[in-house]
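> One letter stands for each residue in the lines below.
Protein chains: 2
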Amino acid sequence: MRNYFSSDFKLGILGGGQLGKMMLYETRKFDIHTHVLDPSPEAPCRISCNYFEQGDLMDYDTVINFGRKVDVLTFEIEGVNTDALRQLEKEGIKTWPSADTLDKIQNKAIQKKFYKEKDIPTAEFEIFDNKEELLIAVEKGTLSLPFVWKSATGGYDGKGVAVIKTREDLDQITKGECIAESLVPFKNELAVIVARNPSGEIRTYPVVEMEFHPTANQVEYVICPARIEEKVAENARKLAEKVSEAFNHVGLLAVEMFQTENDEILVNEVAPRPHNSGHYSIEASFTNQFEQQVRAILDLPLGNTESKVGGIMVNLVGDKDYEGEVVYENIEKILRMDGVTPHIYGKKLTRPFRKMGHVTIVNKDLAEARRVAEEVKNSIKVISK
Amino acid sequence: MRNYFSSDFKLGILGGGQLGKMMLYETRKFDIHTHVLDPSPEAPCRISCNYFEQGDLMDYDTVINFGRKVDVLTFEIEGVNTDALRQLEKEGIKTWPSADTLDKIQNKAIQKKFYKEKDIPTAEFEIFDNKEELLIAVEKGTLSLPFVWKSATGGYDGKGVAVIKTREDLDQITKGECIAESLVPFKNELAVIVARNPSGEIRTYPVVEMEFHPTANQVEYVICPARIEEKVAENARKLAEKVSEAFNHVGLLAVEMFQTENDEILVNEVAPRPHNSGHYSIEASFTNQFEQQVRAILDLPLGNTESKVGGIMVNLVGDKDYEGEVVYENIEKILRMDGVTPHIYGKKLTRPFRKMGHVTIVNKDLAEARRVAEEVKNSIKVISK
Numbered sequence: 001m002r003n004y005f006s007s008d009f010k011l012g013i014l015g016g017g018q019l020g021k022m023m024l025y026e027t028r029k030f031d032i033h034t035h036v037l038d039p040s041p042e043a044p045c046r047i048s049c050n051y052f053e054q055g056d057l058m059d060y061d062t063v064i065n066f067g068r069k070v071d072v073l074t075f076e077i078e079g080v081n082t083d084a085l086r087q088l089e090k091e092g093i094k095t096w097p098s099a100d101t102l103d104k105i106q107n108k109a110i111q112k113k114f115y116k117e118k119d120i121p122t123a124e125f126e127i128f129d130n131k132e133e134l135l136i137a138v139e140k141g142t143l144s145l146p147f148v149w150k151s152a153t154g155g156y157d158g159k160g161v162a163v164i165k166t167r168e169d170l171d172q173i174t175k176g177e178c179i180a181e182s183l184v185p186f187k188n189e190l191a192v193i194v195a196r197n198p199s200g201e202i203r204t205y206p207v208v209e210m211e212f213h214p215t216a217n218q219v220e221y222v223i224c225p226a227r228i229e230e231k232v233a234e235n236a237r238k239l240a241e242k243v244s245e246a247f248n249h250v251g252l253l254a255v256e257m258f259q260t261e262n263d264e265i266l267v268n269e270v271a272p273r274p275h276n277s278g279h280y281s282i283e284a285s286f287t288n289q290f291e292q293q294v295r296a297i298l299d300l301p302l303g304n305t306e307s308k309v310g311g312i313m314v315n316l317v318g319d320k321d322y323e324g325e326v327v328y329e330n331i332e333k334i335l336r337m338d339g340v341t342p343h344i345y346g347k348k349l350t351r352p353f354r355k356m357g358h359v360t361i362v363n364k365d366l367a368e369a370r371r372v373a374e375e376v377k378n379s380i381k382v383i384s385k
Numbered sequence: 001m002r003n004y005f006s007s008d009f010k011l012g013i014l015g016g017g018q019l020g021k022m023m024l025y026e027t028r029k030f031d032i033h034t035h036v037l038d039p040s041p042e043a044p045c046r047i048s049c050n051y052f053e054q055g056d057l058m059d060y061d062t063v064i065n066f067g068r069k070v071d072v073l074t075f076e077i078e079g080v081n082t083d084a085l086r087q088l089e090k091e092g093i094k095t096w097p098s099a100d101t102l103d104k105i106q107n108k109a110i111q112k113k114f115y116k117e118k119d120i121p122t123a124e125f126e127i128f129d130n131k132e133e134l135l136i137a138v139e140k141g142t143l144s145l146p147f148v149w150k151s152a153t154g155g156y157d158g159k160g161v162a163v164i165k166t167r168e169d170l171d172q173i174t175k176g177e178c179i180a181e182s183l184v185p186f187k188n189e190l191a192v193i194v195a196r197n198p199s200g201e202i203r204t205y206p207v208v209e210m211e212f213h214p215t216a217n218q219v220e221y222v223i224c225p226a227r228i229e230e231k232v233a234e235n236a237r238k239l240a241e242k243v244s245e246a247f248n249h250v251g252l253l254a255v256e257m258f259q260t261e262n263d264e265i266l267v268n269e270v271a272p273r274p275h276n277s278g279h280y281s282i283e284a285s286f287t288n289q290f291e292q293q294v295r296a297i298l299d300l301p302l303g304n305t306e307s308k309v310g311g312i313m314v315n316l317v318g319d320k321d322y323e324g325e326v327v328y329e330n331i332e333k334i335l336r337m338d339g340v341t342p343h344i345y346g347k348k349l350t351r352p353f354r355k356m357g358h359v360t361i362v363n364k365d366l367a368e369a370r371r372v373a374e375e376v377k378n379s380i381k382v383i384s385k
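Protein sequences appear in the order of chains A and B.
Throughout the first sequence, residue numbering follows the UniProt record's numbering, covering 1 to 385 in sequence.
Throughout the second sequence, residue numbering follows the UniProt record's numbering, covering 1 to 385 in sequence.
Everything labelled a hint here was simulated from the structure, so no lab data went into it.
Any given hint could turn out to be false.
Since the list gives no way to pick out one identical chain from another, each pair is judged satisfied if it fits inside one copy or across any two copies.
[What the hints assert, rightly or not] Straight-line Cα separation of at most 30 angstroms, BS3-like style, residue types lysine-lysine; simulated pairs:
1) K364 x K238
2) K364 x K116
3) K231 x K364
4) K69 x K320
5) K113 x K175
6) K94 x K333
7) K10 x K333
8) K175 x K187
9) K116 x K140
10) K90 x K381
11) K385 x K104
12) K377 x K10
13) K385 x K69
14) K140 x K385
15) K94 x K348
Only a predicted model underlies this, so the values are computations on that prediction, with no experimental measurement involved.
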C-alpha cells in the first residue's frame, strides 16, 4: 500500500473553507502532507496546510496546475472546474469524488433525472429550460401551485430554492434552468452520511434529524440519533447506501431526505463531501466525518460510524442586525455548560446569517443534550464590535 | 472579559513539539492567534500556529523578545528560561504556569523538599550536592542499597533515573546534585491530571493506570479509568488536587503517583503541562487535556473531565533496530480495528525508542479496549525505509 503517513505523498484539497479546516485537523493527526487551493487569501485553511495557493476553483488552468502537484485530489466545495478534474483523472491523478459524480450532482435537474433512472424515491418534479417555460406551464395550468422551485445550478445555503404558493412568489424565480418539485408534506427532514472507499467498502452514519424552529422555517438543531422509529432509521440508512452505490461514489456523501407522513423516505438532495449535518461527529462519533473522508479517499479501512454519546449541533450564524468585526457574545457562558464545544471558523467579519461557526453539545442522555442545546441557542450571539 | 476568539489576542507557546501540536488543534478550533518558539526548524508546531520563531528556549533574550510579542505565555516543555519568564511577569505578560511553580518543579530536590513542607506524602529521600557525597554516604553505610537515584535536574523520558541495587549500578550515576529515594514496593503506578485556572476553579481527570510489560520494566498501556477500588481513586484525585493547590498552580498539572501495597498514595513527581498520561482524553473525554489547558491558562470556565468511553493509550516509539526515514508498518491493519486512532507526530526520522506518536483505543467496554490495545501493540511497528 502507498505510505501516506509522514511520507512524501501529497493530498490536494480544492477549497479552503471551514470544511477543509476541519479536515486538516485529521491530516495533521496522521501527518499527511496537504496542498490547498482557495480564492481567498484569508481562507480558514491557510495555516495548517503544508502548501497554500490562492486561485480560482472554477478556472481550468489554475485547477490543472494545482492538481498536477499532488497525488490525490479532493474538494470541500462543489463549485470546482470538473473539466479540469476529468483531465487530471486522465493524467493518472486520483480525484475523489470523481468528476463524473460531481457533474451529476452540480446540476439539480440531472441529479433528479438520475434518481428516476435508478429507482431512488424522490419528490415528483418537472424540468424547465428557463423561467419563461415555467411561467407558460403555470399559465396553461399544466403546472399548478403550490410547488417548490429549485434553480438547476448555483443553489447554496437556501439560495436558489423557494416555495411558490402564490403568483407573487413567482417574481423571485431566477431566469435559468430549473425544476418544479411537488410539495411533499413531511414529518421529518433527515440526513445520512455515507462513506465509501475505492475498494467498495461502505459505511453509513446514524440518521440525524433536523429540528426546525416552530415558527421561522429554519433548522435550529441537528440531532443524532434522530428521534424516529428504528425501522424508519434502517430504511433511511439502506436508501442512503443505495444512493452512494448508484453514484459509484468515493468519499463522503451526505444524503438529505424527507420522512413523509406515511413514513416513506424520499431523497431530497445530496452533497459529495463532509456536511454540516455531520459536524456533531467530531465530538460524538468513534470516527468523525473528516477523518472518515480522509480514510475513504485514500482507500484506507473505514472507521466505526457509531456514536459514543448523543450529539446535537447548533449553527453559529451572524446576527441579522450586525455587520463588521465579529464578537462572540456570551461564549464564556456556554463554555460553562456541560459537554459544549464551540467551533469558531475564523472569519474575521460577520454579516447577517453568515455561517461563522457551530456548537456541538454531547451527553450520554440525548434529552439532556437537547435541553443544553436550547440554553446554548438562547445564550450565544454572533455580533460585531 | 478579554475576547480571545477571532480577535487580536495572542497566545505564546514555548516549545513546538507534539504537545504543542496537539494544543494547536484546540487554538485553531477556537480561532485563537498563536506564536510558537522552538529550536528546530522542523518542529511539529511549525505549521498551524499563526507565527513561528526558531530559537533557544533556554536563552534569556530569545525568550524575552518572543514573550513581549504576546498577551499570555505558556510552555509545552519544562526546559525554558525561568528568569525570562519572571521578567515577563514583571512586565505584565501573564505567564502560566508561573516561573515560581516551574522553578520548584524543574529541580527534583526542591520538588521533594516542597512535598515535605506541604505534608504531601512522597517516598523517603535524601539529597546530595554531588555524586561524591552520595558515594561517601554509601561507604559510611548511612545510605543503604537498594535505592532509586534521581538527578536533580535534566531527567527526562527515563534519563536521569536509575534503581541502584548493587555497587556496580553506582557507575551509571552522573556527577551533579541528586536525590536517593527509598524503593517503595507498589501495586500500581497511577496518574491524575489536575486543571486549575487563575480564578481558582479546579477539576481533576479520572485516575489513569500505567500497565507495565510483565518482564521488561516499561509502560505498555495507559488505561482510563484505572482498574482500582473507587476509594483509592477518590484518594488519588483528592491528593492530586492538594498538590495543585500547594503549588498554587495555573494550567494542567500531571501528578504521577504510587499506590503502595497497603493502598497508601505517594506522589512520585509532577509535570506542569499536558502529559502523555492524558493523551487518551482526545478521544475518550468530554474535554480533552489540550482544550482544558487552553481554558485554564486563559481563565475560561473549565470543561467536564469525565469520560465518554473507556480509553487506552499505547505509545509509538521507534523500533530498537531501526534508524532513518520513518515508516509505520501495519498502520492500515490497526485502522481496521474498532475505535483505534493513531496520532503521528510528524518526526521524519526514527531512532531506537524515539517517541514518534501514540495510538488511542476507545470502547464502551474497557476490557474490550484492552484486548484491542494488545492487538495494536502486536501489529504496528515503527521502522525505517
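> Determine for every hint whether it applies to the structure shown.
Results for each hint:
{"no.": "1", "hint": "K364 x K238", "in the structure": "both (26 angstroms within a copy, 26 angstroms between copies)"}
{"no.": "2", "hint": "K364 x K116", "in the structure": "neither (40 angstroms within a copy, 42 angstroms between copies)"}
{"no.": "3", "hint": "K231 x K364", "in the structure": "both (22 angstroms within a copy, 25 angstroms between copies)"}
{"no.": "4", "hint": "K69 x K320", "in the structure": "neither (42 angstroms within a copy, 36 angstroms between copies)"}
{"no.": "5", "hint": "K113 x K175", "in the structure": "within (21 angstroms within a copy, 81 angstroms between copies)"}
{"no.": "6", "hint": "K94 x K333", "in the structure": "between (46 angstroms within a copy, 23 angstroms between copies)"}
{"no.": "7", "hint": "K10 x K333", "in the structure": "between (41 angstroms within a copy, 22 angstroms between copies)"}
{"no.": "8", "hint": "K175 x K187", "in the structure": "neither (32 angstroms within a copy, 77 angstroms between copies)"}
{"no.": "9", "hint": "K116 x K140", "in the structure": "within (25 angstroms within a copy, 94 angstroms between copies)"}
{"no.": "10", "hint": "K90 x K381", "in the structure": "neither (48 angstroms within a copy, 36 angstroms between copies)"}
{"no.": "11", "hint": "K385 x K104", "in the structure": "neither (43 angstroms within a copy, 43 angstroms between copies)"}
{"no.": "12", "hint": "K377 x K10", "in the structure": "between (40 angstroms within a copy, 28 angstroms between copies)"}
{"no.": "13", "hint": "K385 x K69", "in the structure": "between (42 angstroms within a copy, 24 angstroms between copies)"}
{"no.": "14", "hint": "K140 x K385", "in the structure": "neither (53 angstroms within a copy, 73 angstroms between copies)"}
{"no.": "15", "hint": "K94 x K348", "in the structure": "between (34 angstroms within a copy, 25 angstroms between copies)"}
Checked against the numbered hints given earlier, the structure breaks hints 2, 4, 8, 10, 11, 14 and satisfies all the rest.
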